[in-house]
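Trainee: Here's the letter readout for the chains.
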Amino acid sequence: MWTFLNMETRGGIFLVFSSLFFLCIFLPICLGLYYINKNRTYRNWLLIITSLIFYAWGEPVWISILLLSTGFSYFSALLAEKYRGNVKGKIALIASIAGNLLILGFFKYSGFLIDNINGLIGTSIKVPEVGLPIGISFYTFKIISYIVDVYKGETEAQKSPFKLLLYVSLFHQLMAGPITRYKDISEAIDNRVETYQDFNYGVSRFIIGLGKKVILAGTAGKITDIFMGTDYTRLPLLGAWFGILMFALQLYFDFSGYSDMALGLGSMFGFKYKENFDYPYISKSAGEFWRRWHISLGSFFRDYVYIPLGGNRKFRIRNLFIVWGLTGLWHGADWNFIIWGLYYFVLLVIEKAFLLKLFEKLPAIISRLYLWVAVLVGWVFFYHNDIGQAFRFLGIMFGPGANGISSPELSIHFWNNAVFLIIALIGCTPVFSRIFKRLKEEGSKGKLIWFIETYGKPAFNIAVLVLSVIFLVGQSFSPFMYFKF
Amino acid sequence: MKKLKIDTIFFIILITLLGLVNLINTNKPTVSNLENRALKTMPQFSLASVVRGSFQRDFEEYYSDTFIFRDNLVKISRDVNKIMAFLGPDISIVTSVEDVQLPPVIPEGEKETVFPAPTGSKANETNENFSPSNENTQTATPTPTPEPEKDYGDDPNVGYWMVVDGKAVQLFKFNKESIEYYAQVINKYNEKLGDGVKIYSMIPPTNGEFMQLKKYKSITDSQNDALGFLKTKLNDSIISVDVYDALNKHKDEYIYFRTDHHWTALGAYYGYCEFMRTKGDTPLSLDRFEKIDLGDFLGSSYTKTLDKSLEKNPDNIVAYKPLTNHKFTIYKGNEGTKADIIDLKYADDISKKYLVFISSGGATWSKVKTDINNGKKVLVIKDSFGNMLVPFLVPHYEEIYVVDSRFYNMNLTEKNIVEFVKDNGINEVVFCIYMEDVNWHKFMSGVENMLGSEN
Numbered sequence: 001m002w003t004f005l006n007m008e009t010r011g012g013i014f015l016v017f018s019s020l021f022f023l024c025i026f027l028p029i030c031l032g033l034y035y036i037n038k039n040r041t042y043r044n045w046l047l048i049i050t051s052l053i054f055y056a057w058g059e060p061v062w063i064s065i066l067l068l069s070t071g072f073s074y075f076s077a078l079l080a081e082k083y084r085g086n087v088k089g090k091i092a093l094i095a096s097i098a099g100n101l102l103i104l105g106f107f108k109y110s111g112f113l114i115d116n117i118n119g120l121i122g123t124s125i126k127v128p129e130v131g132l133p134i135g136i137s138f139y140t141f142k143i144i145s146y147i148v149d150v151y152k153g154e155t156e157a158q159k160s161p162f163k164l165l166l167y168v169s170l171f172h173q174l175m176a177g178p179i180t181r182y183k184d185i186s187e188a189i190d191n192r193v194e195t196y197q198d199f200n201y202g203v204s205r206f207i208i209g210l211g212k213k214v215i216l217a218g219t220a221g222k223i224t225d226i227f228m229g230t231d232y233t234r235l236p237l238l239g240a241w242f243g244i245l246m247f248a249l250q251l252y253f254d255f256s257g258y259s260d261m262a263l264g265l266g267s268m269f270g271f272k273y274k275e276n277f278d279y280p281y282i283s284k285s286a287g288e289f290w291r292r293w294h295i296s297l298g299s300f301f302r303d304y305v306y307i308p309l310g311g312n313r314k315f316r317i318r319n320l321f322i323v324w325g326l327t328g329l330w331h332g333a334d335w336n337f338i339i340w341g342l343y344y345f346v347l348l349v350i351e352k353a354f355l356l357k358l359f360e361k362l363p364a365i366i367s368r369l370y371l372w373v374a375v376l377v378g379w380v381f382f383y384h385n386d387i388g389q390a391f392r393f394l395g396i397m398f399g400p401g402a403n404g405i406s407s408p409e410l411s412i413h414f415w416n417n418a419v420f421l422i423i424a425l426i427g428c429t430p431v432f433s434r435i436f437k438r439l440k441e442e443g444s445k446g447k448l449i450w451f452i453e454t455y456g457k458p459a460f461n462i463a464v465l466v467l468s469v470i471f472l473v474g475q476s477f478s479p480f481m482y483f484k485f
Numbered sequence: 486m487k488k489l490k491i492d493t494i495f496f497i498i499l500i501t502l503l504g505l506v507n508l509i510n511t512n513k514p515t516v517s518n519l520e521n522r523a524l525k526t527m528p529q530f531s532l533a534s535v536v537r538g539s540f541q542r543d544f545e546e547y548y549s550d551t552f553i554f555r556d557n558l559v560k561i562s563r564d565v566n567k568i569m570a571f572l573g574p575d576i577s578i579v580t581s582v583e584d585v586q587l588p589p590v591i592p593e594g595e596k597e598t599v600f601p602a603p604t605g606s607k608a609n610e611t612n613e614n615f616s617p618s619n620e621n622t623q624t625a626t627p628t629p630t631p632e633p634e635k636d637y638g639d640d641p642n643v644g645y646w647m648v649v650d651g652k653a654v655q656l657f658k659f660n661k662e663s664i665e666y667y668a669q670v671i672n673k674y675n676e677k678l679g680d681g682v683k684i685y686s687m688i689p690p691t692n693g694e695f696m697q698l699k700k701y702k703s704i705t706d707s708q709n710d711a712l713g714f715l716k717t718k719l720n721d722s723i724i725s726v727d728v729y730d731a732l733n734k735h736k737d738e739y740i741y742f743r744t745d746h747h748w749t750a751l752g753a754y755y756g757y758c759e760f761m762r763t764k765g766d767t768p769l770s771l772d773r774f775e776k777i778d779l780g781d782f783l784g785s786s787y788t789k790t791l792d793k794s795l796e797k798n799p800d801n802i803v804a805y806k807p808l809t810n811h812k813f814t815i816y817k818g819n820e821g822t823k824a825d826i827i828d829l830k831y832a833d834d835i836s837k838k839y840l841v842f843i844s845s846g847g848a849t850w851s852k853v854k855t856d857i858n859n860g861k862k863v864l865v866i867k868d869s870f871g872n873m874l875v876p877f878l879v880p881h882y883e884e885i886y887v888v889d890s891r892f893y894n895m896n897l898t899e900k901n902i903v904e905f906v907k908d909n910g911i912n913e914v915v916f917c918i919y920m921e922d923v924n925w926h927k928f929m930s931g932v933e934n935m936l937g938s939e940n
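In the order they appear, the protein sequences are chains A and B.
Going by the working numbering, the residue at position 8 of the first sequence is 8; the numbering climbs one at a time, nothing skipped.
Convert by adding 485 to the 1-based position in the second sequence; the result is the number in the working numbering.
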């Protein structure tokens, strides 16, 4: 099944939070060893070692690249700090960024580049068969943000290479983000305080993330597979919409669930990471969507690409174009991702030009509807590596290529999953937290709030956890046909 | 707040407990009856496998495969899904991907290399992530395997199952190219075998065709149309046996299982009758066979869907044993072993009872020798639907040969099918392959491969 992590690993093996092994062996051992000793150095070393084991669970050789990048950046950051403001400092900065991007480029994009060169000028250069070090897109960006922040004087360079390694390799956010900034956690490396409150919050957040990933994304993924990537000559119009809607839900719950688990794990170990998602599907424009979706990536591009290029002040359109092209490319080395990124460039330009002003005069439902359609069309490109297939699919969504409006098959799948759809759609919105907040503000419902906090939430979390474990085991079900055919 | 909350405590206890219980539990299952498969075993630890990452992957699979209470948890997850579907029409559609591992094709002149028989040729373990690694090539002999000159259509088959009213039916998605390919393959057999060998094509439809559900009728493509299309593509000298009409006349009878994709012995009997009539022979009446009731049966469709309505209402499976004196031999390579044509050693496991027919049908080839000296010798090229047919043919032939392209291995028998037919003096060939396999390119390329590579 497709998951957000696949794009990063190309089907490689790696340890995910939502695996029985992680949940029942890795995590309890990690927590146990961490909390038996209060010594900060011990705890930091433990996190480094467990993170490296976590990383090595996939393909251990790639640790070398991680260590290489970290070591190289450690020294260049020291130089960048020492010679801040003069040429030497700038050289250290540029060398480090270039070095890290070269590594990323070599592993992630050389195949794509060579394919395109071959296609363009008819050469037949062989594509080097290298794997992709897991999480490289994420930790490369973490390292770059660190170096730049050091150079700009926003944070001090880390004097201990091991503490820098801790920042880069921390298993909570190593594979799939969030792309935390060094300056946001540098204080916590030395002086974090683990509290019961944070631990409680961490567990609760982790469970919610696990449920999102295993129950919601898992179910949405199964339904997606029924409609997408199938024989499109048979697909009816509503089937295409149902399929892409399920894919949108799968993506959101998969990725935001993973981010929730990362935040939760961080909190269990005394780290506070910034939020990575903020209910993106309730947005009213593409611009707002990207302020709510994968926030750590959007802010990275804003702070380290868009603003240095001149931001809104000069060449705004050019800057936007570059940022969105890169955003697309970051998601995968293929043209469909670049198109997907540039599609948002077009939307943002149109929105800025007149659409947002127009929406202000119209009821909010129109802009919400626009956002959903816009995002779903975007996901069509995200899903299909084959651009032709993407357009075929769009053809079905918008009429001409569709095999009728609906089908009995679709109606069966729709009604069988109607309850799931309702739960999932509610899960995309902040209704519950808003209701709870309003209750709190009213002040008169103290007893009810107490009851929810003491019994309601914990009971809900326990139910989600148990259900997640059941679903996790259920996923390993793979019947084998003795006498099929 | 100065203490851990109840859900936090529960979380810690649960993950630790599950970890410990799985660690302590030494009595790990090795076989899943629920899934009809061997469970992953603890991988051998070696530095090389760790570096490659295969140890980690195998270990994780082993871990989840042998997780405590796994079967129960799987069933609960199924129930939860069912409950979630309460707004639905009480019909579920299940998609399942299946694959076969066909024996290798070896060019003439290299036959002396004996290949290991494909183990459990119904490999369902094809893992997308599996890159052709060293382990795979090591099992092959040093002989270079030739590149196939053409595309054999390697795609696995996607089956669509619909569970409605306690009955699982297989839906049909008409694929014109595959049907045309079936015709090509059969025509090729016709050309290779020449005029002396009569060729019959009988194609049992899937049970989806006779589903009595008007509202959802259009959910499955018409197999009758597909068969009509096929007729225009077959050589004139190939005789089509119209099983479709024969079954259609009896569609209200118990001719298909509810929990399995096969036809019942009664369905196969109607198929046999039609075959005999087509040949101008008279079929025997059912009471001329010995009826054996094998009891309850929960077949492949149940395993795929784990549907409760199927579980509650299992099938009854019956076999009809020919009373004609005969000797049934199954061959591994060219080494024969005597077996029962209705082999009761498979009748113990509720989910595997279909294997009693011609002793599982998984031999390289098999043979029935009767004491009828009429000179009629037939070769049945079949998938598992044919297993049901063969016992009915016994009273009519001197010799019956049975071959399944998934198990027939030219390197072991040292002859391709044309040689096989010639050497045994066979004068009739019957293709008994059900609609879903006819409609699946890869299966039919297996049938084509049996002609040998000089084709």
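Everything labelled a hint here was simulated from the structure, so no lab data went into it.
No experiment lies behind these values; they were computed from the predicted model shown.
Among the hints, erroneous ones may be present.
Claimed, not checked - Distance ranges between label pairs, derived from CB positions:
hint	chain 1	residue 1	chain 2	residue 2	range
1	B	798	A	29	52 to 60 angstroms
2	A	403	B	669	25 to 33 angstroms
3	B	532	A	368	54 to 62 angstroms
Said to hold, decoys possible - In silico SDA-like cross-links for lysine to any residue, where the CA-CA straight-line distance does not exceed 25 angstroms:
hint	chain 1	residue 1	chain 2	residue 2
4	A	222	B	491
5	B	661	A	447
6	B	488	A	462
7	B	488	A	459
8	B	488	A	477
9	A	447	B	525
10	B	702	A	405
11	B	525	A	477
Yeah, the Cβ is synthetic: ideal placement off N, Cα and C, and Gly gets one too.
Trainee: Do the beta carbons of residue 532/B and residue 368/A sit within 54 to 62 angstroms of each other?
Mentor: holds, 56 angstroms
Trainee: That 25 to 33 angstroms hint for residue 403/A and residue 669/B (C-beta), does it hold up?
Mentor: holds, 28 angstroms
Trainee: Note whether the CB distance of residue 798/B and residue 29/A lies within 52 to 60 angstroms or breaks it.
Mentor: violated, 47 angstroms
Trainee: Does the alpha-carbon distance linking residue 525/B and residue 477/A stay inside the 25 angstroms limit?
Mentor: Given pair residue 525/B, residue 477/A holds - Cα atoms ~12 angstroms apart, limit 25 angstroms.
Trainee: Please work out if residue 702/B and residue 405/A have their alpha carbons no farther apart than 25 angstroms.
Mentor: At roughly 17 angstroms apart (the allowed maximum being 25 angstroms), residue 405/A and residue 702/B satisfy the hint.
Trainee: For a C-alpha distance cap of 25 angstroms, please report whether residue 488/B and residue 462/A respect it.
Mentor: holds, 17 angstroms
Trainee: Tell me if the straight-line CA distance from residue 661/B to residue 447/A falls inside 25 angstroms.
Mentor: violated, 68 angstroms
Trainee: Are the Cα positions of residue 488/B and residue 477/A separated by 25 angstroms at most?
Mentor: With Cα atoms ~39 angstroms apart, residue 488/B and residue 477/A exceed 25 angstroms; violated.
Trainee: Given the hinted pair residue 222/A and residue 491/B, is their Cα-Cα distance within 25 angstroms?
Mentor: Between residue 222/A and residue 491/B the Cα gap is close to 33 angstroms, so the pair fails against 25 angstroms, i.e. violated.
Trainee: Please work out if residue 488/B and residue 459/A have their alpha carbons no farther apart than 25 angstroms.
Mentor: holds, 17 angstroms
Trainee: Given the hint that residue 447/A pairs with residue 525/B, does the C-alpha gap stay at or below 25 angstroms?
Mentor: violated, 52 angstroms
Of the numbered hints given earlier, the model fails hints 1, 4, 5, 8, 9; all others are met.
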